[in-house]
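Chains as they are written, first to last, in this note's numbering: chain A, 145 to 419; chain B, 145 to 419; chain C, -8 to 244; chain D, -8 to 244.
If you are wondering where the hints come from, they were derived from the structure by calculation, not from laboratory data. Treat the hints loosely; a few may be bogus.
[Said to hold, decoys possible] Now the in silico label distances, taken between C-beta atoms and shown as ranges:
(1) Pro224(C) / Leu401(A): 48 to 58 Å
(2) Asp367(A) / Leu106(C): 40 to 50 Å
(3) Glu382(B) / Thr(-5)(D): 15 to 25 Å
(4) Arg167(B) / Val114(D): 20 to 30 Å
(5) Gly267(A) / Leu202(D): 49 to 59 Å
(6) Thr170(B) / Val114(D): 34 to 44 Å
[Said to hold, decoys possible] Okay, derived cross-link-like pairs now, DMTMM-like style, lysine to aspartate or glutamate, Cα gap no bigger than 20 Å in a straight line:
(7) Lys259(B) / Glu214(A)
(8) Lys113(D) / Glu416(B)
(9) Lys50(D) / Glu207(D)
(10) Lys50(C) / Glu214(B)
(11) Lys113(C) / Asp211(A)
(12) Lys50(D) / Glu324(B)
(13) Lys50(D) / Asp279(A)
(14) Lys113(D) / Glu221(B)
(15) Lys259(A) / Glu221(A)
(16) Lys50(C) / Glu221(B)
(17) Lys50(C) / Glu323(B)
[Stated by the list, open to error] Among chain A residues calculated to face chain C with C-beta under 10 Å, some are:
(18) Leu149
(19) Ala244
(20) Tyr369
(21) Ala414
Note that CB positions come from ideal geometry on N, CA and C, so glycine has one too.
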Amino acid sequence: MGGCLFSRTPLALVREILRQRRRGLTLARNLMCTEGEFMMVAGAAERVMTSWMSIGLPWGVSRIMRDYVEGGRVAFEEWSHLALGLRFRAAAMGVPFLPALTMLGSDLAATTGLKTVMDPYTGATVAAVPALFPDVAILHVHRADRFGNCQIDGYPHMDADIARAAATVLVTTEEIVPEEETRRHADRTVIPGFVVDALVHVPFGSFPHECYGLYEADFAHFDTYVTAIQGAGARAVEEYLDRYVYAPPSFADYLDLFGGERLAQQRRLAIELTQ
Amino acid sequence: MGGCLFSRTPLALVREILRQRRRGLTLARNLMCTEGEFMMVAGAAERVMTSWMSIGLPWGVSRIMRDYVEGGRVAFEEWSHLALGLRFRAAAMGVPFLPALTMLGSDLAATTGLKTVMDPYTGATVAAVPALFPDVAILHVHRADRFGNCQIDGYPHMDADIARAAATVLVTTEEIVPEEETRRHADRTVIPGFVVDALVHVPFGSFPHECYGLYEADFAHFDTYVTAIQGAGARAVEEYLDRYVYAPPSFADYLDLFGGERLAQQRRLAIELTQ
Amino acid sequence: MSVTPAELLAVIAARELRDDSTVFAGVGVPLLAAALAQQHHAPRLTIVIEGGIIGPRIKPGRLPISTNEMRAAHRAQMLPTITDIFLFAQRGFLDVGFMGGAQIDAHGNVNTSVLGEYARPKVRLPGTGGANDIASLCREVVIVTPHERRRFVERVDFVTSPGWLDGDGSRPRAGLLFGGVTHVVTTLGLFGFDPDSRRMRVEALHPGVSLDQVRENTGFELLTAASLATTEPPAPDELELLRALDPERRFLG
Amino acid sequence: MSVTPAELLAVIAARELRDDSTVFAGVGVPLLAAALAQQHHAPRLTIVIEGGIIGPRIKPGRLPISTNEMRAAHRAQMLPTITDIFLFAQRGFLDVGFMGGAQIDAHGNVNTSVLGEYARPKVRLPGTGGANDIASLCREVVIVTPHERRRFVERVDFVTSPGWLDGDGSRPRAGLLFGGVTHVVTTLGLFGFDPDSRRMRVEALHPGVSLDQVRENTGFELLTAASLATTEPPAPDELELLRALDPERRFLG
Chain A
145 MGGCLFSRTP LALVREILRQ RRRGLTLARN LMCTEGEFMM VAGAAERVMT SWMSIGLPWG
205 VSRIMRDYVE GGRVAFEEWS HLALGLRFRA AAMGVPFLPA LTMLGSDLAA TTGLKTVMDP
265 YTGATVAAVP ALFPDVAILH VHRADRFGNC QIDGYPHMDA DIARAAATVL VTTEEIVPEE
325 ETRRHADRTV IPGFVVDALV HVPFGSFPHE CYGLYEADFA HFDTYVTAIQ GAGARAVEEY
385 LDRYVYAPPS FADYLDLFGG ERLAQQRRLA IELTQ
Chain B
145 MGGCLFSRTP LALVREILRQ RRRGLTLARN LMCTEGEFMM VAGAAERVMT SWMSIGLPWG
205 VSRIMRDYVE GGRVAFEEWS HLALGLRFRA AAMGVPFLPA LTMLGSDLAA TTGLKTVMDP
265 YTGATVAAVP ALFPDVAILH VHRADRFGNC QIDGYPHMDA DIARAAATVL VTTEEIVPEE
325 ETRRHADRTV IPGFVVDALV HVPFGSFPHE CYGLYEADFA HFDTYVTAIQ GAGARAVEEY
385 LDRYVYAPPS FADYLDLFGG ERLAQQRRLA IELTQ
Chain C
-8 MSVTPAELLA VIAARELRDD STVFAGVGVP LLAAALAQQH HAPRLTIVIE GGIIGPRIKP
52 GRLPISTNEM RAAHRAQMLP TITDIFLFAQ RGFLDVGFMG GAQIDAHGNV NTSVLGEYAR
112 PKVRLPGTGG ANDIASLCRE VVIVTPHERR RFVERVDFVT SPGWLDGDGS RPRAGLLFGG
172 VTHVVTTLGL FGFDPDSRRM RVEALHPGVS LDQVRENTGF ELLTAASLAT TEPPAPDELE
232 LLRALDPERR FLG
Chain D
-8 MSVTPAELLA VIAARELRDD STVFAGVGVP LLAAALAQQH HAPRLTIVIE GGIIGPRIKP
52 GRLPISTNEM RAAHRAQMLP TITDIFLFAQ RGFLDVGFMG GAQIDAHGNV NTSVLGEYAR
112 PKVRLPGTGG ANDIASLCRE VVIVTPHERR RFVERVDFVT SPGWLDGDGS RPRAGLLFGG
172 VTHVVTTLGL FGFDPDSRRM RVEALHPGVS LDQVRENTGF ELLTAASLAT TEPPAPDELE
232 LLRALDPERR FLG
């Protein structure tokens, strides 16, 4: 899954995965938050592969994550942030592993079954981070053309590596631009069309998470969400899913629950911070 | 050395290296052309590490390269284009080698002493491309700020990896921009200031080679240069160096030898091709 | 207004940073410390943030709550991929890394993964994020944390981020060729590590703090430096600059 | 106007390319062949060029003479680093790779490095460039070359780019998990390789070319396909489109 934490999370695609009542998925994402909680409570995810999961400093440790992992209902496979990034990059490069100097000596090396390899030139021992080839990648980008050439503004996170690593690549985009637009700024393209399997035009496709330069994350929405969980735990998430995922027939209906006023405000905040 | 063939070659820096009469250098560049011939004839380079050297299709095989390599005066260490790129990337990543599936089975594997390594997870054998940490990197970029943050337009070649790989990094730039300009387009920065040791403002710093979007390579100049070599061999290059490298006291004087008319024309051609 | 614990941590941590250097800083007090150092004595300090952000200028009153959001990237100089951010550290470009942690032990190892058994944890914590990488790859690591007995344990339940491991050269032996924890900045004082045993030792106490007080709040045997110093209290200009960064006092308490 | 050897090579090579596929093409005849295929029967063919160029639209009359210049990048869709261009191939995204070569042998190995000994070469050639990588990493390689006896040798002096190596599974045994040379397009005909021995065999002759003529111009024992076909001569529309790409006839002769 592309993006990072509550930045450029492909929430429109997550919503559809939940609506299709998928089961038994392994979720690989470098930093996880609400989308991971949705997947856990909906029973879609049986395993998460990540370096960190909660929402953010102000909201403390995720109670949902704790309940499901401590209760043994979801497996939590922890890799260091770089190691997970290198797992995607190794796959993106088409090699079975990448050498690294991280995770050595820590208990994470044991729990992940990390192996080492000897540099055949110097004899030095380095970590060998195994490639991760996801079955499906879901990504949200700023703009793409009809050939699937994708461009991202601001921090690129790990999306380009994830797209190359995965067998099937599904992308939602804030904007579909004419082919000529891509060609005018070819040095802004980070994912080539021949890597992409499906492309859908979904403005605000990661809301209430953020999209660099276009809308800031809706922190007030997170407050309400977390407060409800502090009261009712997983029940609160189930109610949230009923309201935001299962009830609205279309993504437009989903956005209506936030209201145009809120969307416009988050856009103003993003412009303020990036211009 | 940054750039590729006759694109973004740091010729102002090459010129200065020659003027300082440096000796015994090993030149590592993915594709080499006139700058390599200069270094050979001037006696600056005793070894080239590259995947290809000549000038281009219309000018055939480099007679200078043939004379110096066949005569045993310069060693030609040949790596595949990807392998040389991975040598820089391994160093840029801070690892002693990178696994790859290239160069296997070819005679290049033997002549470079390429070793293989076993993937500790699958047992598969892959090539282990050794990291290359240059003592000095010389690069030419489109724009940089006073902190050394560099931005490149068009094809980035291998410059970003070379900058991270080298111990000392020298950069010339077409334009020095205010810090605010970098910050306004931070997602265009490819080399961070903390990697750069020295920065010099040199417009047309890779002329008569090209700089994407700013000026096309001066092919007519190459014609004259190669024709002279077909007649007089290395002597022709010595005369060229006297005229273009040793005689002009400043780089401005060097550019005057081409004339403002020619520079303006090459700029028009570049704009035609990129806008 | 009296100095809050968070303010004390931020000011003392900021003093660890030199000009013309790079610091890997997480959000909250570490980022405030880095931003303070930039404004106070290190104008050319480059702040690097995990989310893929190099050289941002934090907007006062718009402090980020995560390492990958527009507030963290405000006026940044470069925005590489997250993987590349850590590779800059692996290549040796990151001078100092700031870290916190739920548990810290006598050898500076940090736990942010689990309390109890990893397989069936009593408490599943959020996880390493980039902490393991920062601890493994920065040239120097400084831990910044409140000083509480439950936090300072003889041995962490789980080594998420390697400090000196078991001391006595076990860190380099594990393949970690450089780096290590140099200082621990707490609400009670400044701590370092014995060069041989690599066990934590008291190097300086904050004004008004006693050695006994520190021992009472530490769950393991602390060594003491030959000469025990007292830290300079936060100066008015340091506090003024710091408080201007967080007027809403979201992190300064 | 009669068909030149270069035009024949470009047209026959273009027919090797399917729509909705990707081709790794060097400058000169290979790039002309790819551009022709795009305009003739493969509008969604993505051309990939070594210099870090994906999906360019070559400007007629402004043909590039190198793989890394603005003429090659004209109206490209993406401009990644050169290393990443080859990594797309290593990941399996490149369907066809076009190649030439100074020497080609019975197993489709190509030499562009040296004639004579590598250490003290009789002739030092420019080198592999990306040829070794294309031959190692593309899903399928097509060699496009004039047919001359001095070029077609039993064994190349130096294996710059691996074809089938020594045949009989020696390519996969060397660690090259996929790919290999499928066709050799020459000025005399179309050649393939025996599925077992992986030795070159004649599969089709150009109109008016005899098998003896091919044998005279080949320095090794050629196998012959069960049914020997004759290639379709370049059609008027193919020639028209091709000639429009190189009005100055810099590469079409």
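Could you tell me which of the hints above the structure violates, numbers in ascending order? Checked against the structure, the hints that fail are numbers 2, 3, 6, 7, 8, 9, 10, 12, 13, 16 and 20, while the rest are satisfied.
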